[in-house]
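K.L.:
Listed below are the residues making up each chain.
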Amino acid sequence: MAASAIGIIFSNLHEENVPELVRRRTMASIPFGGRYRLIDFALSNMVNSGITTVGLMTNNNYRSLIDHIGSGKDWDLARKDGGLILLPPFSEKHDKLYTTRLEALSSLTGFLNRRKEKYVVLTDCDGVAKFNISDIVEYHETKNADITLVTHYGKVGHRSDFMLVNASDEGRVTEIKLTPHVKEGTKADIFVNVMVINRQFLLNLVEDSVTHGFTSFESDILIKQLDSLKVYRYDFQGYYAGIDSMSAYYKHNMELLEKEVRDELFGERDIYTKVRDSAPSKYGENAVVKNSLISDGCVIEGVVENSILFRGVKVGKGAVVRNSIIMQDNFIGPNTSLDCVITDKNVVISDRKTLSGCSTLPYFIQKGTRL
Amino acid sequence: MQRKKECVAMLLAGGQGSRLYALTTNIAKPAVAFGAKYRIIDFPLSNCVNSGIDTVGVLTQYQPLVLNEYIGNGQPWDLDRTYGGVHILSPYQAKTRSSWYEGTANAIYQNLHFMKMYNPEYVLVLSGDHIYKMDYAAMLKAHKKTGADCTIAAINVPLSEASRFGILNTNPDGSIYQFEEKPKQPKSTLASMGIYIFNAEKLFKYLEADDANPNSSKDFGKDVLPAMLNAGEKMFSYQFDGYWKDVGTVASLWQANMDLLGENPEFDVRDQSWKIHSRNPLAPPEHFGENAVVKNSMVALGCEIYGKVENSILGSNVVVEEGATVKDAVVLANSVIKAGATVSYSIIDENVTVGERATIGAEKDPSAEIVVLGRGVTVADGATVSEGQKHEKDILA
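First to last, the sequence lines map onto chains B and W. Start counting the first sequence at -2; every next residue gets the next number (my numbering). Start counting the second sequence at 32; every next residue gets the next number (my numbering).
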């Protein structure tokens, strides 16, 4: 069933958790899983649930995101009515750019007013999962909720911002804790930054917040007004990968080498991404490829093990790439050896170099580096 | 203001390709898959776009469903244009006549109104049967320079094969004085590639005359080109020296696929200056398991490789299970080679299932023939398909 909902995607939130990866891009445009960017999962989840209007909130550094998204046609979102609508920063003269979710939303009243759909689905780009948005909206509808927060029972990472949610057996949220001091690794119901709100309710909420000078959606609305609002939580039980640190980024990419994870993320419903028209990958006479994911456009002449290669990577003869994430258009020279390395886009490593990190602290090489 | 296009391309894509056996039972030859992710028609279409020709009529007739679906609105080739773009032209019913396309010339003749809509100066006629990269703009430039009424692209072929082609006998300046369709004793080795540029007015005139001629077989090579030559029209050859492969037989289709392999492949689809556009599969990156072996092969997105793949071309979402071997083979999209099965020297169409421990084909050697398994065939566990066999139906143990 197609949900009567529009989507809003926040492309910049949570960037402080992975500073290396967002130096020249948004959270949304961080490459993931060989040929995707984080936003592909958020967008595909929406499109696969019948949502045809998605507003994309941007704040800064969004050139790479616009390049990725284009007209939205690769997600089937180049539509006459709705489709993908880019929402770059908008503020009255002399106002500063928004910094919080609430300030961002208050710049959206025009957009929200013009739509007719009953619900708004808000998603950040810091998680990889296959959410069935239709199910979540249906849950929201049956609970007659004002706000439904999607949570996942998992380990608390070492991110700087997270929200723990307690709820009654019926799902009514009874307590929300914002970045509490809990030991890393403690298991709890963590908000995954996906929520459903009634559109009209959201508009009222935003208007009310402006008059009261509220700035934080989480603390000023969700926490302070919890008793007067009908807030429910939807317990998502599938695979969820929160990208909240470099080591989490590394770990969750590597999890794609497990068949169960791939089947859940890529099975049944498609994950859409930008089409690049690369040739199929070619494997040479001396290639050795084991337990790896290789995207299109690669030419492999060396050894690749336990690794993820993005599009257009060349691995020279005698080169050995192990336990690494190699992003788009990298060149790994002959007889070079990499272990536990993450190379950003367009990195060129000449021959006979040896680089290594370890799985908890992968060695990161910036975009465009020449070695 | 009357808008116009300088050059309109007409792509003949109605061919049945009967020498490809089961591979063309349900699809037209130009829609046959090639090179792991492409279809044959991607090559002439990409050539058009890369040559700056943005108006292409695709003439379909035989089993057009897959082809029509594949071309869609032309967006993958950047041919979704407000004026021009790609158009599927199928046979239609008219007030005075309705007929199937009766020959290459008749197919174009029946779409005169399509060409005239764009008021072109030149018409480029192409066929959808070949794998090649060619700059039609350079050919058009030569056509204008010689002031020809018709220019025919030609390639040198070995003398032993010349009698399979339309042969051009030319003067030193490249002008054609004789045109021989499949001559028994060829005088030259310059073979027509089935690529023609006509001055539009001349083409329209000769197509109308050809249609009125009851003795004509309505074919370019047999009727229209000889008629133009006999009438003294200026006809030139345009010599092409690159890779050009007719993939009309199982052996040539297999060989053309293999030509993509190797460090310096005979035919390179990776050349960024001449991109081959295609509709892309929606699939995750290909995955190789712990025990996978892959050598000298091309593997498309979505494949899951647990067994051994050697000297082969694998289309998207192909699964090669543990202990299975695929060697010297072309396997098209969504086929599954189950555990312990062996596939050698074969072309396996889409959606085929090769059962566990089944044996398909024999080691490649010069006397062996290629196995063809048609779309959707299921081979039972442990079954054997001997070299050279062509199957369209399921194979029992």
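Keep in mind that the hints were calculated from the coordinates and are not lab data. Even for Gly, the Cβ is constructed at its ideal location relative to N, Cα and C. It is possible that part of the hints are untrue.
What the hints assert, rightly or not - Stretch-level coverage of chain W by chain B, calculated; a stretch enters the list once three of its residues show a Cβ under 8 Å from a Cβ in chain B:
no., segment
1, 117 to 125
2, 167 to 173
3, 405 to 415
What the hints assert, rightly or not - Here are a few chain W residues that face chain B, going by a calculated C-beta distance under 7 Å:
no., residue
4, L190
5, P203
6, E239
7, A240
8, D242
9, P315
10, F319
11, V325
12, K326
13, N327
14, S328
15, N365
16, V367
17, I426
K.L.:
Next step is simple, just say for each hint if it's right about the structure.
P.N.:
How the hints compare with the structure:
1. 117 to 125: violated (count 0)
2. 167 to 173: violated (count 0)
3. 405 to 415: violated (count 0)
4. L190: 34 Å, violated
5. P203: 40 Å, violated
6. E239: Nearest chain B Cβ about 40 Å off; hint violated.
7. A240: 43 Å, violated
8. D242: Violated - the Cβ of D242 of chain W stays beyond 7 Å from chain B, reaching only about 40 Å at its closest.
9. P315: OK, holds: P315 of chain W within 7 Å of chain B, min 4 Å.
10. F319: 5 Å, holds
11. V325: 5 Å, holds
12. K326: Holds - the Cβ of K326 of chain W comes within 7 Å of chain B, reaching about 6 Å at its closest.
13. N327: The hint holds - N327 of chain W has a Cβ within 7 Å of chain B, the shortest such distance being about 5 Å.
14. S328: 5 Å, holds
15. N365: Nearest chain B Cβ about 14 Å off; hint violated.
16. V367: 15 Å, violated
17. I426: Result: violated, 28 Å to nearest chain B Cβ.
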